[in-house]
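Protein chains: 2
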Amino acid sequence: MKQSLGAKTFAVPTPVWLVASYDSAGRANCMTIAWGGICSSQPPCVMVCVRKATHTHAGIVQRAAYTVNIPSRTQVSEADFAGMVSGREHDKFAECGFTAVRSTLVDAPYIGEVPLVLECRVVQTHQVGIHTMFVGEILDVKADDSVLRDGRALDMLKVSPIIYDASTRSYFAVGDALGPGWELGKAIGQRKLAGVGDKTE
Amino acid sequence: MKQSLGAKTFAVPTPVWLVASYDSAGRANCMTIAWGGICSSQPPCVMVCVRKATHTHAGIVQRAAYTVNIPSRTQVSEADFAGMVSGREHDKFAECGFTAVRSTLVDAPYIGEVPLVLECRVVQTHQVGIHTMFVGEILDVKADDSVLRDGRALDMLKVSPIIYDASTRSYFAVGDALGPGWELGKAIGQRKLAGVGDKTE
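In order, the protein sequences belong to chains A and B.
With numbering that gives the first Met the number 0, letter number 79 in the first sequence gets 78, and the count goes up by one each step, no holes.
With numbering that gives the first Met the number 0, letter number 158 in the second sequence gets 157, and the count goes up by one each step, no holes.
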């Protein structure tokens, strides 16, 4: 039996990403977001949503660029902090012990200490309710050697990204591997074929 | 040391959602997506991205509605299957053993067997690369009694949503609870205050 919970943002799994930009004074700033996701395969694009009132918003608009910094579970306190305070009053990079690395591809900094980074150039901007959605073309993905398999694919349990649950305002880790895509589903197709066979006999 | 992986869609955690709509013949259809995310808190909105060539795309355009159906880890084979075949040739609801429940709020079906459902009315449509982004206002969230805490919040480990890793094209489960938002970060703020205190003494 399903219960109606009302109009809520309870779409899980929700990511925990640090969006970084330069502010008008050229200082590196970042904020934590959970409203974001990939939005195209070709060219690879991601969208992040921030409110206009944030310091990060102005930085992204001015430089038409941002980075998506994907923290690991060991960085959950830093990620939480960067969502609690404003870059107007805080030097979040310094307070989190983060190194601001200048991207050579887009006019934005990235966080040296997170395992995975996406460097993005803003290609579309849309207002959706109280949030501004910045669609960014991903120009490069950078990952720590230590979280890679064969130098090309991610080792998910080493990246160990964080999941946000808006219903309890709490964080979760990634768990077990469940298996390969474009493989697990074959069992469903075979089940159907078996069923069809039964009927015709 | 960070390695450059090129322009890729490696933004984790990426969701695994079944988007459902009615086709032009009024049949319930669904497809699996990983390109989606919440994009506004007020009104609550979510975006899902599908290619124009898909059967689901036409259904969403015609009815200006869709549902986001969030499968549990026990439904990973069904979710994989629904991303492998087209609703033009397959009755995916029947083949997956899914019940199509008619939404009373939007002109779309939802999947009775998944633990969590978002009923959405299309409010914006954007073309992003090869994908069409449908921004939907979430009119209601429906969840199985069995995955709720106190009847209002989600029990994440019972919903047990699936995570997609585009780099290995494989699926993962949600793992440990990491702690409360707007709490864990206080330790970072205190560390900074402690640091300031040290310097002034």
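It is possible that part of the hints are untrue.
When chains are identical, the list treats them as one kind, so a pair holds in a single copy or across two.
In silico DSS-like pairs for lysine-lysine, Cα to Cα no more than 30 Å straight-line [to be verified]:
| hint | residue 1 | residue 2 |
| --- | --- | --- |
| 1 | 7 | 51 |
| 2 | 157 | 51 |
| 3 | 157 | 185 |
| 4 | 157 | 1 |
It should be emphasised that the hints constitute simulated quantities derived from the structure, not laboratory data.
Note that the structure is predicted; figures quoted are calculated from it, not measured.
Do the hints match the structure? See the list:
1. Taking the shortest alpha-carbon separations for residue 7 and residue 51, both the intra-copy value of 21 Å and the inter-copy value of 28 Å come in at or below 30 Å.
2. For a Cα distance limit of 30 Å, the shortest separation of residue 157 from residue 51 qualifies neither inside one copy, at 34 Å, nor across copies, at 35 Å.
3. In this assembly of identical chains, the alpha carbons of residue 157 and residue 185 lie at most 30 Å apart whether taken from the same copy (29 Å) or from different copies (25 Å).
4. Taking the shortest alpha-carbon separations for residue 157 and residue 1, only the inter-copy value of 14 Å comes in at or below 30 Å, while the best intra-copy value is 36 Å.
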